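Both chains are given apart, each in its own frame, so use the hints to dock them into the complex.
Respectively, the protein sequence lines represent chains A and B.
In terms of our numbering, the first sequence is residues 1 to 94.
In terms of our numbering, the second sequence is residues 1 to 814.
Just so you know, these hints were derived from the structure itself, not from any lab.
Treat the hints with care, since some could be wrong.
Claimed, not checked - Subject to a maximum C-alpha distance of 30 angstroms in a straight line, what follows is the list of computed BS3-like cross-link-like pairs (lysine-lysine):
hint, chain 1, residue 1, chain 2, residue 2
1, A, Lys86, B, Lys246
2, B, Lys590, B, Lys507
3, B, Lys246, B, Lys309
4, B, Lys641, B, Lys590
5, B, Lys340, A, Lys86
Bear in mind that the values here come from a model prediction, so they are computed numbers and not experimental data.
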Amino acid sequence: MTMITLPNVIDRTTAGALISHLDQSLQPGKAVTVEGRDVTRIGQSGLQLLLSAQQTAITRSVTLDVHPSQAMISAAQVAGLSGALKWVGQSNDQ
Amino acid sequence: MTNDEIQNIFFLECEEALVGAEEGLMACQAGTADADTVNSIFRAVHSIKGGAGAFSFTLLQAFTHKFETVLSYVRDGEMGLSDKLNTLMLRAFDVLSDHVAAVRGEADTPDDEAVSAQLEEVAERAAAGKSAFEGEDDAAPAAAPISDADAAVPEAAAAEDADSAPVAEEASAPADDIGLDFDLDGLMGDLTVGEEEAAAFEAAAAEVERTMEDASVAQDTLEAAAGEAAADVADASAEPANHGWKISVRFLEGALANGTEPLLMLRELEELGAICVSVDATALPLLQDLDSEKAYLAWVFQAPDHVAKSEIEEIFDFIDNECDLKIEVLTTPMSREGVKVTLAEIMADQVAASAKAAAAAQAVDTPAAAEAPKEEAKAETQVKAPVAEQPAAKAEVAKKAEAPKPAAAPAPAQPRNANSIGQTVRVDLAKLDKLIDTVGELVIAQAMMAQRLAGEGLDAIDEMGMLDLLTRDIQESTMSIRAQPIGSVFSRVPRIVRELESDTGKKVVLTMSGEGTELDKTVVERLGEPLTHLIRNAVDHGIEKPEVRIANGKPAEGKLHLSAEQRSGRIVISLSDDGAGINREVVLQKAIDKGLVAAGTQLSNEEIDNLIFAPGFSTAASVSNISGRGVGMDVVRQNVKDLGGRISIESHPGEGCVFTLALPLTLAIADGMIVTVGDQTIVVPLTHVLERLRPEEAEVEHVGKDLSVLNNRGKFLPIVRLDQAVGALGAAKTPQDAVLIVVDTESNGQAVLMVDSIVDQRQFVIKSLEAHYQPVTGVAGATILGDGKVALILDVDTLVADNFSAHAPAMAAA
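Extracted from the complex, chain B is given alone in its bound form (with noise of 0.2 angstroms):
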């Protein structure tokens, strides 16, 4: 694994922690946050902060510092959480996720200096025992929600303090300032050292990863912790008290040799609010019978009653076989003594051994004798343990060295949690669409054994249809693997929120659903785009200022809801408001004078409201930073037709306005209808088809030389022909012979394809024409049919956009 390899885990380790960090400050907004929703802030905070100290994004981390100080005197109940300081808090989150963007290489260095200082300036306000704000309320602490929590685990905080004093102070490191270094550093390192090293260290990484994962659990185990610590304090007599936990540790012999860094599990035990109490380092000999292998140090660290047994013993799950591990109740509140070390007590023959073994080696200056003084003074140092009557028992001479304390017997194994290792695998984005080509191959090759197998009058067997079933499931199953939630867009909309409602002076509600609803990792990565655009538009445009909507009788915030799902296939994904809506003169107009409509049109509310999309159409009196450039709804449903997607609005004068995207599952795989024209074989995507039908004559009317349209229930619709279009050879020349496939499309509404015949309607995998030849108009991609034959697929859009415009006079005159 390579730093760079390292360096994007870290990346995507920022975006995890970023996600959680957000939640977590939503909920504190919305009032619903308790003692483990900001200790989970203030942990992700953290991560990325040891991370950047790691690969030395300075910047990153250093502000990173300020932002989790505050955190800490929050996490730790010195400071209660108000609406400014929420506001703060969020301000922050956005500046670090720039900062966290910054290092990737996506954006600019952001400038944090204004929000830097107001953190530092709330740190010191905490520090100094203060209300975060001027103003508030000094008592806030005690009614914040979350303070509660705290209250019941005072041991815990008061703990706490010690190391998050030192954090509010700029001049000196904070007590647990770039402990993730050891994290990043160690996989780093250790990763260069050999195979085995990097399998123990990626086990790590994924551990720790895993173990942030599992918040839920701990949350369901803190609410556990909590009630019993609120009635262990009521009633504080009746019973002793549970102060925590006291977490004895001492690392086997091999388990340095074996690639094992202890410093990452006790990094882990620190992040869980641990301290360390004592540590025993009497086994340490000196430097002439060290083994840089051996492991000599043992820990007691006190966590505090909050944190779960099992949340302690998953961080040495996967060595429990290297060291010795025993959990005990903390019976006594935890220690705010320091850190207790033992070391060997040095001798006076020690000291006399040692100066003479130095002289010797002084004295002898030749390179055999370089080994010398080791020997010798093993020989005559008395090393603290006891020296074995069987020398042959080396093992056993080593394990006694190693645990001088009889009283420290060895914890037995705990158990192993095979369900916790695991659990998620990273995997190469290539490998993943290599896998997926295959699939799409094996989709082929099924297509074409049941057209071989058509042939010979097999195609009803009971295997085909096994066979059917089983390419189906397996296509649905890689595609589920590319698939993502959504909620790694919609998670970059309360941001895009604040900042309109900073730049607007609009109150604005943001609700969302289905954040977790799954589709193909290129739809999520190239939705944002047009999403926010939309999410501007609708902020901008749609939602009115606090007084219009109060003077029009609504509340003065205004509401906006993004929803996802899943519907027929396809994901749907809504963005409603409760604004203005479309004023439809205004647009109406506006094309005109834009002269995209000519004057006296007669147009549909449909039609009209469609009209936003029209490319250079703004209704905007000025153009803003936000919108108004008339060029954002154009992208939108460009990008949404690019992802083979489709967009509609629905707007209620004075009631809002509802945007629907309706997105394919994936971009790799699509139903589609293969027609025949003339010596071609085409595919028309489903999403296109609305119906198809044989005309009567009488439904067939003639406009100028080579225009027909179809009267189709009253509504005169264009006949695109397609052997016209594609080149093809010895078509039907008439639609009365012909096949007609009414298709709807965003630009210009619903068109009809001429089609000799349709041959079936099936999955297809698309293949792109640009990658192996060139992009070419009217033509989406290309796919391998089950006869192995190449067929060219329909971009309906573009094509009946082509026909619009070549027979924009005859249309008009129409």
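If we strip away everything but chain A, and leave its shape as in the complex, we get (with noise of 0.2 angstroms):
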């Protein structure tokens, strides 16, 4: 299994330096794990970094479990993403 521990902050810099890490952590048949309980600010280059691979795990059927911080969960409320985030640990009902 792949832990990746996701930054406080992911604004565009650090999500631009998540894409290839993630890219290549995504290997068919390996379980991938993002920690982002440090995570106390995203924006959308964030959201549209985990929906992405969150979208790029089922191609490569592997995978990717996301355990969200509060402020994750929160940015993803406000972006309505909630429910296509497939997030461990929080309902996706909206």
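Structure representation (structure tokens):
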């Protein structure tokens, strides 16, 4: 299993760095866990990254578990993506 | 900008939010609240909560959450306002203010347990569809003043239920919880990235602030919208109803690269009551094609009809060239079915291509191959948008890829409202003080030039008149920058009165006027303490208990009126009550008992009233935690005096009392009389000066060895020899050879200053002796005169008081 711990802030700069990291980690047959407990701020770039990673994981048949922080959950709600982002430990009911 | 600076912005916004919330709560209590009032309170509390979350002020955040929950039920019309609920909300507001003070390090963390429990109980009752308190009419919401407006927009209220219901449950995070984290976190994080982003986020912060300040505009719009909505309800079948707004927004490719954070704007939309109904993520590519600098998402929000279109437009005002925004009238009721997210379809060939690409990456495990999968996938993966035939037209390709729906044509760019940007500028106080210092120097330089020109016989030239006028204009404009409305001090008063009511069992109706009166920031800041003492005194000593009032034929509720106005270059603050007034017999007896006044002394009513300002004086039979320690009124007088002001009392036994504070507009520049005493030039602040005269020999009498008194129309006033006080040489020795200036003082009434001559009467810039040298008794400061010499500014009160104590035996004999 590959574990990726997200940084405190996921803005477009850190999201840019995370793209290739996630891309390389999402290998067929591997399970990837993204730990987001330290995330205190995440913007649209970060949400796009995680949604894209989720879609990519599906295409590559990779298990991707994202453990969100409260800030991530809140951001997803603001962006209307709570239902789309299948994160661990949160209800996706709108 | 450092985190501390950003935090300070949050504190300032807290202050503004608290002021707004209190005004709203007072309107609720007065029964004049409408839907927008409650909404504005909600928004204020919500903003504080968001900021609190961003800065990890967890206690503040937790409390605001509970408060906000109750407010959300009121806002949604699910719970009506009642006296009990208003009282609870005001108490919650007080605790909230304390929490804010605590996070600012200005106070201890308040004990919010009782209020929190009550808020939770009320929220639980509201969630269960009950009235706020047991025993209240469960149909209360229908009768509440704000519910009419809500009834006119039932869809809006119903749609917001989805947000507000989870808020009531502690276990789950509220729908809009911590939303503002983004705003402030966004500011913090992105500011570290670069100057451009910093500017963009500062602009965003200013925009948020301005939007909040535009509440009055929104109010008008709301009323118009509410009226229209009511008309729609009345005649629903006549034409299609306007159910609000459909807002389609897509941020363009470069928006993120320019530092724009779309979530900030979405958050603001939510604060207006808008809900997200759909997200179009079909343009979002897989990881290998993802560019973190590009925005791929498009949203559709629905806003209730009480929101003005202009309010929505304003949110996107300053990034209108970075987003496609379309605002249409919503002809169907607002959606209650949650958010529909449309993702790109994942096709079989995509899966295969990705698998292949990933396998290739795995097989060639070299650093150089790291980029390979990306390139390969790019080549083989079928992207949703049609690949452009013209590779050279790269920008066009990107545009097509991001706007896959032909139907979602870009809305025409919204006209930018130039007036809506940069309404206020926050300036470091140090910079402002530097400016004021410089203006002070300008005033001095102008005075020096005037004196020089006068020496050449050119003092009456037109140019000097113009320069004088302009200098005064610049000075007044600069001072007005430092000026703040006194409302920031007045805003604390309702709470003080509420607490006093609760502590004393008295009923007080507080009215205030002139809150917009402006005076120097320093004066405003230092006015709080004396004003608090005065109010405590008025309620504790002045206003009688309800039963006593009724027995005296007065209404049970006492009246307290606080007013401020500008009068003759000074700010006059009055606090009047309709209480018992000063009991002069008791006051005089107490003063005699305490040795403040010799037994048998004949004092005028005014002099007896002024005894309450004597140090250590208290008429209270017992020391309470409100007043009665005998320091309050003394402190009041000292504080007012420190501000260069004066305090006076007008008492009518049985009818009430009026305390009047006269304060200078500014502490930096004052009017004064420039006098000479021997070899010294001295400034006497004009606020003390009553009259000036050259006495006849018969008008001066000598008492004892050193003391002379002036018989000023039958009133004997001690003459203070300034040459002795300031050590001047060569001054006039007898009052007949001198000029006498009659001055009024706080503690010792009138007295006479003996000087050689009066040179001029003009404005002077006050320079602190404490800052530049050390405090000197009898000297309030120094100033630079037109000829460049330094002149001392007299502290008339201290000087006269010292003179009185030095000659006390002679005075008593006189």
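Hint check:
no. : hint                   : verdict
1   : A:Lys86 with B:Lys246  : holds (27 angstroms)
2   : B:Lys590 with B:Lys507 : holds (28 angstroms)
3   : B:Lys246 with B:Lys309 : holds (10 angstroms)
4   : B:Lys641 with B:Lys590 : holds (25 angstroms)
5   : B:Lys340 with A:Lys86  : holds (14 angstroms)
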